[in-house]
Each structure stands twice: as structure tokens, then as C-alpha cells.
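Colleague: Here is what each chain is made of, one letter per residue.
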Amino acid sequence: MTEPTNPQPKGQDFERVLGGSDTRVASFAETKRTPVQQIQHILHSNPTLVPVIVLALSLFVFGLIAGGRFFSAFNLSLIMQQVSIIGILAAAQSMIIITAGIDLSVAAIMVLMSVIMGKLSIDLGVPTPIGILIGMIGGIGAGMMNGWFITKVKLPPFITTLGTWSIFFALNLYLSGAQSIRSQDIDEFAPLLKFFGHSFDVAGARITYGSVLMVLVFIVLWYMLNKTAWGRHVYAVGDDKEAADLAGIRSDRVLISVYALAGLVCAIAGWASIGRVGSISPQSFYEGNLQSITAVVIGGISLFGGRGSIMGALFGALIVGVFQSGLRMAGVDVLWQVFAIGWLIIIAVAIDQWIRKVSA
Amino acid sequence: MTQPILKATNLVKRYGRVTALDHCDFELYPGEILAVIGDNGAGKSTLIKALSGAVTPDEGTIELEGKKVSFGTPLEARDAGIETVYQTLALSPALSIVDNMFVGREIRKKGFMGSALKMLDYPAMEEFAREKLSELGLMTIQNINQAVETLSGGQRQGVAVARAAAFGSKVIILDEPTAALGVKESRKVLELIQDVKSRGIPIILISHNMPHVFELADRIHVHRLGKRLCVIDPKTHSMSDAVALMTGAKEPEAA
Chain A
1 MTEPTNPQPK
11 GQDFERVLGG
21 SDTRVASFAE
31 TKRTPVQQIQ
41 HILHSNPTLV
51 PVIVLALSLF
61 VFGLIAGGRF
71 FSAFNLSLIM
81 QQVSIIGILA
91 AAQSMIIITA
101 GIDLSVAAIM
111 VLMSVIMGKL
121 SIDLGVPTPI
131 GILIGMIGGI
141 GAGMMNGWFI
151 TKVKLPPFIT
161 TLGTWSIFFA
171 LNLYLSGAQS
181 IRSQDIDEFA
191 PLLKFFGHSF
201 DVAGARITYG
211 SVLMVLVFIV
221 LWYMLNKTAW
231 GRHVYAVGDD
241 KEAADLAGIR
251 SDRVLISVYA
261 LAGLVCAIAG
271 WASIGRVGSI
281 SPQSFYEGNL
291 QSITAVVIGG
301 ISLFGGRGSI
311 MGALFGALIV
321 GVFQSGLRMA
331 GVDVLWQVFA
341 IGWLIIIAVA
351 IDQWIRKVSA
Chain B
1 MTQPILKATN
11 LVKRYGRVTA
21 LDHCDFELYP
31 GEILAVIGDN
41 GAGKSTLIKA
51 LSGAVTPDEG
61 TIELEGKKVS
71 FGTPLEARDA
81 GIETVYQTLA
91 LSPALSIVDN
101 MFVGREIRKK
111 GFMGSALKML
121 DYPAMEEFAR
131 EKLSELGLMT
141 IQNINQAVET
151 LSGGQRQGVA
161 VARAAAFGSK
171 VIILDEPTAA
181 LGVKESRKVL
191 ELIQDVKSRG
201 IPIILISHNM
211 PHVFELADRI
221 HVHRLGKRLC
231 VIDPKTHSMS
241 DAVALMTGAK
251 EPEAA
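Protein chains in written order, with this note's numbering: chain A, 1 to 360; chain B, 1 to 255.
Calculated directly from the structure, the hints in this document are not laboratory data.
Just so you know, not all the hints are guaranteed correct.
[As the list claims (entries may be wrong)] With a cut-off of at most 25 Å between alpha-carbon atoms, the simulated DSS-like pairs for lysine-lysine come out as follows:
id: 1; chain 1: B; residue 1: Lys227; chain 2: B; residue 2: Lys67
id: 2; chain 1: B; residue 1: Lys132; chain 2: B; residue 2: Lys184
id: 3; chain 1: B; residue 1: Lys110; chain 2: A; residue 2: Lys227
id: 4; chain 1: B; residue 1: Lys132; chain 2: A; residue 2: Lys227
id: 5; chain 1: B; residue 1: Lys170; chain 2: B; residue 2: Lys68
id: 6; chain 1: B; residue 1: Lys197; chain 2: B; residue 2: Lys184
id: 7; chain 1: B; residue 1: Lys7; chain 2: B; residue 2: Lys184
id: 8; chain 1: B; residue 1: Lys118; chain 2: A; residue 2: Lys241
id: 9; chain 1: B; residue 1: Lys197; chain 2: B; residue 2: Lys170
id: 10; chain 1: B; residue 1: Lys132; chain 2: B; residue 2: Lys7
id: 11; chain 1: B; residue 1: Lys184; chain 2: B; residue 2: Lys67
id: 12; chain 1: B; residue 1: Lys7; chain 2: A; residue 2: Lys227
id: 13; chain 1: B; residue 1: Lys132; chain 2: B; residue 2: Lys170
id: 14; chain 1: B; residue 1: Lys7; chain 2: B; residue 2: Lys67
id: 15; chain 1: A; residue 1: Lys227; chain 2: B; residue 2: Lys109
[As the list claims (entries may be wrong)] Here's a subset of chain B near chain A, in silico, CB distances under 7 Å, partners left out:
id: 16; residue: Glu59
id: 17; residue: Ala90
id: 18; residue: Phe167
Fair warning: this is a prediction, and the values are worked out from it, not measured in the lab.
By construction, the Cβ of each residue, glycine as well, lies at the ideal position given by its N, Cα and C atoms.
Please work from the sequences and hints to get the whole structure.
Modeller: Structure follows, in C-alpha cells:
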């Protein structure tokens with residue numbers, strides 16, 4: 001608003017005195033900021049900084065504890081491999097959480113689509129690329145089903161995806177007959193399914209195509225969310241759906257597109273998971289849904305929607321990987337790894353709340 | 001008188017057994033500020049929603065510049081040149097001023113980056129936003145990439161009005177623009193409204209604030225029991241006349 005330096009005597013009678021009023025409007029006392037407040041302020045404008053700092057710190061600490069073994073290129077690339085599948089799922093989950101939703105069915109979609117790809121290509125003799133394509137389309141369909149229930153039937157995302165989680169898991173057991181597809185069969189009939197398990201070596205690091213795929217998925221989705229109109233609409237819908245509707249966004253379409261895209265990303269994760277695991281097991285990644293949410297939360301993306309960068313989820317997934325690897329190398333029992341991740345979630349959200357308290 | 005720019009005839013809207021609009025007429029003339037006043041529940045909001053496309057009337061016609069129109073969504077009304085500033089402002093708090101101004105009509109980069117990769121042209125959008133905000137004297141907002149949630153109530157109202165003024169080619173509807181503001185900020189918003197009017201865009205102003213209505217309006221549409229009771233001239237009527245009419249304490253003179 002302009003400051004009327006000297007408003008003419010117009011308007012209502014009681015406003016006459018405004019001419020002499022203080023023209024400052026809520027100016028900031030910049031000098032009075034303590035260092036802590038400054039940090040709070042910087043973190044508020046750059047939400048991804050927190051996971052980056054935590055990642056750097058945890059690398060440093062585990063480097064000290066476990067020594068050179070931990071910091072070897074081989075170990076770091078191994079962490080990348082280990083987090084790649086949950087990382088891709090977390091990318092899908094991030095998009096949905098940015099719309100103020102949640103998807104409990106991501107891992108179920110992933111495993112179901114990997115089973116479909118495997119069954120088609122190996123048992124039914126469909127050419128592998130077609131089998132993969134059908135899996136991708138299936139992923140989009142499963143995501144759209146979630147989106148349709150949420151927008152058209154107006155069910156809460158939590159309930160919808162809790163239901164579809166069971167539905168997809170049951171379908172997956174039915175289609176697979178609760179049997180794994182063996183690694184040798186995949187090698188013999190559909191080696192393309194294992195594509196993302198292959199790797200190349202760079203300076204002692206063993207980088208799988210799956211790791212590269214994870215990074216690519218994040219870069220593409222980051223671009224879509226930040227540099228396109230669609231992405232801005234996703235944030236606007238997550239921030240305040242009613243406002244977005246009034247401002248002319250067709251929020252139902254945006255939401256369905258987000259769930260469909262997330263379904264596709266899950267199917268991609270399904271393909272990558274075959275390379276990572278080696279076989280196709282209907283029982284695998286049963287905790288994948290919650291692990292993807294963990295990565296997103298540690299990555300500083302608000303569960304209330306509209307805030308946070310998808311890159312945070314990548315760092316969140318890496319932080320979990322670094323903790324697991326570091327604690328394992330330090331000889332800590334698995335149960336304490338789980339314990340540590342739990343604290344990490346609570347601390348991440350506490351920091352997030354503290355940052356939000358900053359007033360501009 | 002000249003041809004009305006926006007005209008509604010015989011609008012009817014029922015919600016179940018409640019008739020919110022009962023054969024209501026409405027006219028807005030070029031270049032004027034028309035205030036719409038009425039008691040709570042008189043059907044003002046429904047009338048405005050019908051004009052801005054948020055509600056589809058059951059009966060009746062709406063004409064924009066003499067041509068019959070029918071809006072299914074706010075988007076269609078917007079494309080036709082009718083912009084609405086809602087009481088809630090319809091801004092996304094976490095998004096920047098630029099993002100908010102361009103929601104739903106973003107500018108894409110030219111060439112391959114824009115057509116194939118759909119990349120947004122932020123420099124162009126920022127320049128346009130800065131230009132529009134300066135035109136309305138709103139450039140004390142220093143950084144147009146700051147989030148809307150960091151702005152004061154008046155500044156937010158300013159951004160919402162600037163968004164409407166920047167794109168509203170034919171009609172701007174303002175719903176209770178000063179309801180949530182203090183004395184000083186109200187004053188600035190009123191000046192802003194007059195600024196917009198001076199650029200020739202007609203405005204529909206919905207307000208409960210009689211002093212503001214009488215200060216700004218060229219004509220006052222009094223709404224009562226779902227229809228237009230009468231249109232009064234603020235120069236020949238007093239505020240108590242207006243209040244008496246809209247509450248039913250007084251019947252309009254037979255015109």
C-alpha cells in the first residue's frame with residue numbers, strides 16, 4: 001500500500017486525524033534480531049536447508065565413529081543403492097503430501113505393478129517392454145482410482161488410501177499366488193526387468209542405474225513442481241484448496257493428476273525394485289508406505305500441505321540411509337537403528353514447527 | 001441512459017425450499033461504482049455468485065455488453081472479463097505475490113522451453129506484476145517474491161485488488177473489501193478502488209459499511225428478500241434512508 005504522505009482532508013470525519021498519523025507500518029527492528037532468530041529466519045525462507053545440514057552432520061558424525069570405511073566411495077554409493085527404491089516412493093509421496101494429502105498405498109501400487117510386469121513378461125510370454133508399459137499404465141490407473149475417490153466421492157485421502165492399500169495388496173497376492181518369481185526365471189525370460197539393478201563403476205563407487213533413476217525422478221519432479229504452472233497449482237491447492245478454486249484453479253483435476261503421476265512414479269519404482277531385489281516378491285516392501293512418509297517428513301515437507309521442496313524428501317531418504325549404514329558399521333543392533341529413526345522423525349517435525357513460528 | 005455493461009433479468013436461484021434469488025434484476029453501467037447493500041440473508045451473495053459464475057441461476061438471463069452469457073464456473077466469468085475479489089481474497093498464503101497474481105494464467109517462456117517443457121517465464125511475470133502494483137501505488141511491497149502470508153491485511157487486499165484490476169477488462173466485483181481492515185488500511189483500499197474506477201473499469205461493491213458505500217458509490221442497489229428493492233442515489237438519500245429501506249422499515253417511494 002502507498003503511504004499517503006499527506007492525505008487530503010477527505011473521507012469520513014473520524015478519519016481527518018489520519019493526516020498527522022504515523023506513516024510507518026509495522027517496520028521491522030532489524031538490529032534486535034538475535035543470532036538464533038537469524039538462523040530461524042534463514043531456515044524459514046530455505047526449508048530444504050534443514051535436511052541438508054542434518055545430512056552433512058550425520059555424514060560427519062558417522063565418519064568420525066566408523067572412520068574411513070564409512071566414507072569410502074563404495075559405501076556411499078551403496079547407501080544410494082539402498083535408499084533408491086524408498087527414495088523414488090518418497091518422491092511420489094512428496095507430491096501428494098504437498099497437496100495436503102497422504103498416500104498409504106504407494107508401496108502396494110509399486111509391488112502390485114512389479115508383479116504384473118513379471119507375470120505378463122515371464123508367465124504369459126508378453127514381450128517385456130509391453131509388460132513394463134502395461135505396468136506403468138496400471139500405476140497411473142491405480143493412482144487415478146485414489147484421486148477419483150478423493151475428489152469425486154470426497155473421501156479423505158487417509159481413508160481412501162488405507163482402503164486401496166489393502167485392495168492392492170490383496171490383488172497382488174491373488175495375481176502372484178503368494179509366490180515369488182525367481183531371479184533365474186527373470187534372467188532367462190525377461191532380463192530387461194532387471195535393468196535398474198545393473199551398475200557402472202566410477203572411482204571406486206558402484207553406481208546402479210536405479211540410483212541414477214532416483215536422482216532423475218527427483219530432478220524431473222522438482223522441475224515440474226517449481227518451474228511449470230501445473231506445479232504452482234499443486235502448491236496452491238495444498239496451501240488453501242478453497243482459495244485455489246476461487247482463483248480459477250480446477251483443483252479436482254490437479255489432484256487427480258497428482259495421484260495419477262504418483263501412481264506412475266510408484267510403477268517406475270516397481271520396475272526398479274526388480275533390479276534391486278533380484279526377484280519379484282509379493283511380500284516385499286511391506287513397510288514401504290511408512291518408510292516413504294518418514295523420508296518426506298525428515299525432508300521438511302509439511303504434512304499440512306503447500307510447503308516444502310521435493311528435494312527435501314531426497315535428503316530425507318539419504319539421511320535414513322546414512323543413519324542405518326553408520327549405525328550398522330558402528331556395530332549397533334538393528335533395533336536401535338529403528339529407535340534412532342523414530343527420534344529423527346520427531347526431531348524433524350519439532351524443528352519444522354519451531355521454524356514456522358518465525359513471523360515473516 | 002447508456003447501455004448497461006452487465007445486466008441481469010429475472011434471476012431465480014433456489015436452494016431446496018429456500019429461494020435465495022426471487023426474480024431479481026440488476027444493471028451495471030460503464031464507468032460507475034455500484035454498491036450492493038442488503039441485510040444478511042437478503043441474497044446479495046447469491047446475486048454476486050451468479051454474476052461471477054460461482055453459482056448457476058435456475059432461471060433468468062445475464063447479459064454482458066448486450067450479449068447473453070452463461071457462466072458454469074468462475075473461470076468462464078473471468079475469461080469473459082469479470083474479475084471478483086472475494087471476501088476471503090482467494091490468495092494462497094505460502095505462494096509468492098507473483099505466483100498469486102498469475103494463478104491460472106501464467107506466462108510461459110517462448111520457444112521450446114515453453115511449449116515442450118512448459119517452463120514459466122518468471123522475469124516476464126515479475127515485470128508485469130511490478131508494473132501493475134506500481135500503477136496502483138503498491139510498490140512499498142519491496143520484494144514481489146515474498147510469500148503473501150508475510151504481508152499485512154491491507155497489503156493482501158491490495159494484491160487481490162491489483163490482481164483483479166490487472167486482468168479484469170470489463171467488470172470488477174469487490175466483496176466486503178474493507179471488512180477485515182483497520183481505519184488506516186481501509187482508507188488506502190478505498191483510494192485504491194477509486195484509482196481503479198478512474199481507469200474506466202466499472203465496479204460492483206458489496207459492503208455493510210454505510211460510510212464507505214456512500215463515499216464511493218455512484219448508485220446504490222438495495223437488495224431485500226431476494227430481489228432488487230430499488231436503486232437509490234447516494235446524493236439524494238441519507239444513510240438512514242438506505243438502512244431503513246434494506247431492513248424494511250421504510251418502503252421505497254413509488255418511482
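Colleague: Hint by hint, note whether the structure agrees.
Modeller: Going through the hints against the structure:
no.: 1; hint: B:Lys227 - B:Lys67; result: holds (22 Å)
no.: 2; hint: B:Lys132 - B:Lys184; result: holds (22 Å)
no.: 3; hint: B:Lys110 - A:Lys227; result: holds (14 Å)
no.: 4; hint: B:Lys132 - A:Lys227; result: holds (22 Å)
no.: 5; hint: B:Lys170 - B:Lys68; result: holds (15 Å)
no.: 6; hint: B:Lys197 - B:Lys184; result: holds (20 Å)
no.: 7; hint: B:Lys7 - B:Lys184; result: violated (34 Å)
no.: 8; hint: B:Lys118 - A:Lys241; result: holds (23 Å)
no.: 9; hint: B:Lys197 - B:Lys170; result: holds (11 Å)
no.: 10; hint: B:Lys132 - B:Lys7; result: violated (29 Å)
no.: 11; hint: B:Lys184 - B:Lys67; result: violated (41 Å)
no.: 12; hint: B:Lys7 - A:Lys227; result: violated (41 Å)
no.: 13; hint: B:Lys132 - B:Lys170; result: holds (17 Å)
no.: 14; hint: B:Lys7 - B:Lys67; result: holds (10 Å)
no.: 15; hint: A:Lys227 - B:Lys109; result: holds (10 Å)
no.: 16; hint: Glu59; result: violated (25 Å)
no.: 17; hint: Ala90; result: holds (4 Å)
no.: 18; hint: Phe167; result: violated (10 Å)
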